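Number of protein chains: 2
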Amino acid sequence: MQIYNPPLKEIRFLLEAFGYDEQVATLDGFKDFDLDTVMTLMEQSGRFCAEQMLPLNRVGDQVGLDYDPDNYTVTMPKGFKELYQMSREQGGMGLTAPADYGGFGAPQTAGMILSEMATATNKSYSMCAGLTHGLIDALASHGTEEQKQTFLPKLASGEWSGTMCLTEPQCGTDLGLLTTKAEPEGDHYLLTGTKIWITFGEHDMADNIVHLVLARLPDAPEGIKGISLFIVPKFDLDGTRNPIYCTGLEHKMGIKASPTCVMSLEGAKGWLVGEPNKGMRGMFTMMNAARLLVGLEGVAMGEVAYQTALEYAKDRRQGRALDASKREEGVSADNIMVHPDVRRMFMNIKSTHEAMRGLAYWTGIRLDMAHNHPDEKVRQRADDLVALLTPVIKSFLTEVGFDNISEALQICGGAGYTTDWSLEQHMRDARIALIYEGTNGIQALDLVGRKLPRGGGRLLMRFSKEITRFIEANKDDEAMAEFIKPLKEGLELVSNLTMSVLMQRGMQDPEEAAAVASPYLKLFGYVSLGFIWNLMVKHAQEQGDAFGQTKVKTARYFFSNVYPEIHGLAKLVEAGKANVMALDVDEF
Amino acid sequence: MQIYNPPLKEIRFLLEAFGYDEQVATLDGFKDFDLDTVMTLMEQSGRFCAEQMLPLNRVGDQVGLDYDPDNYTVTMPKGFKELYQMSREQGGMGLTAPADYGGFGAPQTAGMILSEMATATNKSYSMCAGLTHGLIDALASHGTEEQKQTFLPKLASGEWSGTMCLTEPQCGTDLGLLTTKAEPEGDHYLLTGTKIWITFGEHDMADNIVHLVLARLPDAPEGIKGISLFIVPKFDLDGTRNPIYCTGLEHKMGIKASPTCVMSLEGAKGWLVGEPNKGMRGMFTMMNAARLLVGLEGVAMGEVAYQTALEYAKDRRQGRALDASKREEGVSADNIMVHPDVRRMFMNIKSTHEAMRGLAYWTGIRLDMAHNHPDEKVRQRADDLVALLTPVIKSFLTEVGFDNISEALQICGGAGYTTDWSLEQHMRDARIALIYEGTNGIQALDLVGRKLPRGGGRLLMRFSKEITRFIEANKDDEAMAEFIKPLKEGLELVSNLTMSVLMQRGMQDPEEAAAVASPYLKLFGYVSLGFIWNLMVKHAQEQGDAFGQTKVKTARYFFSNVYPEIHGLAKLVEAGKANVMALDVDEF
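So the sequence lines, in the order shown, correspond to chains V and R.
Oh and the first sequence: position 161 is 161 in the working numbering, straight run, nothing missing.
Every number in the working numbering is 588 more than the matching position in the second sequence, counting from 1.
Keep in mind that the hints were calculated from the coordinates and are not lab data.
Given the structure is predicted, the values throughout are model-derived calculations rather than measurements.
If a hint is listed, it holds; no wrong ones were tucked in.
Calculated cross-link-like contacts (lysine to aspartate or glutamate; reagent style EDC-like; alpha-carbon spacing at most 16 Å):
| # | chain 1 | residue 1 | chain 2 | residue 2 |
| --- | --- | --- | --- | --- |
| 1 | R | K902 | R | D922 |
| 2 | V | K553 | R | D1172 |
| 3 | R | K1126 | R | E604 |
| 4 | V | K553 | R | D1174 |
| 5 | R | K597 | V | E587 |
| 6 | V | K252 | R | D1008 |
| 7 | R | K866 | R | D807 |
| 8 | R | K1076 | R | D1065 |
| 9 | R | K914 | V | D584 |
| 10 | R | K1141 | V | E587 |
| 11 | R | K844 | V | D420 |
| 12 | R | K597 | R | D624 |
| 13 | R | K1141 | V | D586 |
| 14 | V | K488 | V | E466 |
| 15 | R | K1159 | V | E565 |
| 16 | R | K742 | R | D826 |
| 17 | V | K326 | R | D1097 |
| 18 | R | K902 | V | E587 |
Computed footprint of chain V on chain R; a stretch qualifies when at least three of its residues, placed anywhere within it, have a C-beta under 8 Å from a C-beta of chain V:
| # | segment |
| --- | --- |
| 19 | 898-906 |
| 20 | 929-941 |
| 21 | 999-1013 |
| 22 | 1099-1106 |
| 23 | 1157-1163 |
Positions of the beta carbon are idealized from the N, C-alpha and C atoms, including for glycine.
Input sequences plus hints: build the corresponding full structure.
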């Protein structure tokens, strides 16, 4: 059973609730992309995902990739090459690429919706376009005019695909350790080294593959400040094969149709992007956008898992309802939706999942504002919010999203453990999202060690202000009181812990903050969802239809049966480092 | 990388702390099994597991099973048949089988240790012996003398293996729905029907396979009260092939070397076990023992995952220590064990894992007392504790154990996601334990709906008494005060919630209790670990060695950085059913 209905109604509701038309469609460059237009585009894209991408999802997992070590080639599972050709014709690949360079010029928010649907229906396959999208962003921001003209149109059309080559065997999280060398030769460089974990580093769907590679110039300073960024295409512009080869594939738990390559650069020709030794800037452009999309993977995979479990549950009968009035007559067992524990699992998923999507799109709107708003102050404010929420979204959404998939599998019992329902594949495919683009632990350190201290705590103040402004504006709305109260409590908890544990204790001893960064991020995530639920409930009450009533009921579940976990988490944050660091290494 | 060191030192510490020699080795039948003897046996067995079983674990996963639909045969992966032969010679298969029928007659506690080590090193393979062990228990309790003499020696030697055939396509949790028929013919019955999820229902390692099958007699009452139990061997005693065939295998997320069979009974010859229509009794004997062992799977797989992650971490260098004094000179990166977030993950695993093992063995000792103690009152008391803790152990240990494996994988980052470190296999293999032998949701309902109300709350009172007796006995021990305080608080929380939410609200409306049964069980689990940590710390302080000091530090982490989650969980329990059951089915 493979099922997926694009959640367009949910997404439209969110964009309306968050004022997409006022905030984004009024911006220069986005005036052709009002909500109705975007939703029409997304309806078409969603149909493509469900009809063309989803049917190849299980095949991709079961057949996998074919690597030929003699020719360094990777053959995609049957049907993927044709799918890629159809995707190109369908035109979604350059959706957010700049219109001046062959792209469609749509807002990032629209790109996020497309990315969610593509991930949900075929995560492995969607990663190819995801990487290309990241490369387009990086080149659009940091490339020379000539580089843009050379590469962007080919990438936006999907004729060529992109990669990012960061990791090396000795360095993953800690990029300062990288050793790939770039020696100058004429107007270009020759790169030598080994890169690992290179997603779609080699495949047979596009005519050329453009690698964005981190390497060191001969005179580069040590560590992270001596890293430069290069474009290294598989085929040079004259068609010559550039010596950058896939010398192996990783064997992984999931995303088995996504080639994870070892790339050997053997004097490969490359062009510098941006300034020498400032390569991390360009890479961060790429990584920050990528981190939001990785967070959204938790939502995407949670969606398809939820829909699948619901399809199963609505058909399955086991046991009788505890409440005799709910028992169906003339049958020997009731549908399992009568059972409170089954309901609890569905409500756990639904009440976190919908708000997590909301948090991602609320932030997506701010990403568009940060890029395109005419007022610098507004841009800065939006950028602050994106910077603060990016690690939260990356980490919290992938973690809770993964738990939601596991809960969806649990609802289906033994059937969920078999390949028949694909839930086990979704779980395996989704597990990587807690690791790549910076592990979730690294995200927590980014939040606590970089984002909170920045500008004397300016980022968190911005976010608190957004929340308190909402609370203030709705303090006389009786229908909102039950939702505002816990939000206020949660915000106070976050503020207090930020001051006492992270700032005061953490200033004296950074280990104090680092030791509890992960539970702090989780607490922060729940409170963020509490804010999003308030925005959604407010909009739902204004709409007053059946759809909105379900939202209100789901919000109540969230605040009564999920959100109170913040109290336990707060105590874990308060605990600090003492017992975390108490053991010697040989005591483990 | 596949690594496993049998945790014998940990296990010995636990059995000493829980007074194994006084409680078990003094019982009739177990006098030859004092702690030293058991540990010597386990040292041999552990070596066998690590040297013979572990090397075939990844092969089993990657090669999998070969099913021949023409002959209904299942061929195990290469090496498994030889391994089975070695296991038979090694003699562990009949460890706890009755000595009068060819077994070794060892306590269940010893069986649990063996089971833990076997699961950790090759979960798929270990399930064959696990099922046989369950069949031996059921026949020893419910079979006729003739049945025992016929089957037990062959099962105890491993010459034959066993299965339990419960589930049918339309009934998993709800066995009352089963329809397999048993028609009388002479001294036996002819059984017709289809059974699914039959572990090791067919394989090529043993000479015969003995199925324990649930079916209905022609005149049986409807539902669960009309189910009888039958022995159905693959080959009749005269060697004739009995028409019970494997007509298909499930394709699963994990345990890929464990055949999960569809079994078709086409007039298969069977013998009644126990009384007509009382088949669930025999099956419960089997299931209860099995549930404890399934709970222990969370510990077993957590152990191998922890050891693997530690092996990885001790070798991996990334980033510099936040605390400058911990930075190693002359290197560009420190070992990742310096990072507080890595420590946090290890401590999360270690501090739950060790106490979960403790809870399992503490209960195992009571299982032996419940079976073999001369005093009926002591037997009853022990049986009450086992009955109460069985659903907690099955559910909590598999859930937290699974989370621990996932955390171990996370520590290894991208490497953990590859097959190279086997962590992804451990995670896939362990996921089934949350589902089979009664899903974890069913365990929570068993705890709340059956075990708590039984005898007017007698079972919980027994457990509370064990805890308060310990608290009372140690109230003047200053070194224990910091551990006793949270235990006392936790026990009060459990007692209060049991009274207010489950008893009072639940009596009026069973849905109230059912809706929060799962978070209640989780809370109960943490408090149970709190008790076990107290027992361990007390013993550690008496020993006063380095091993004990590590235990005390780990206990402190548990109480400061894990246990406070009970406060969030308590609020989820208090929330009750209102918002759990608020949606109509079509609102999902």
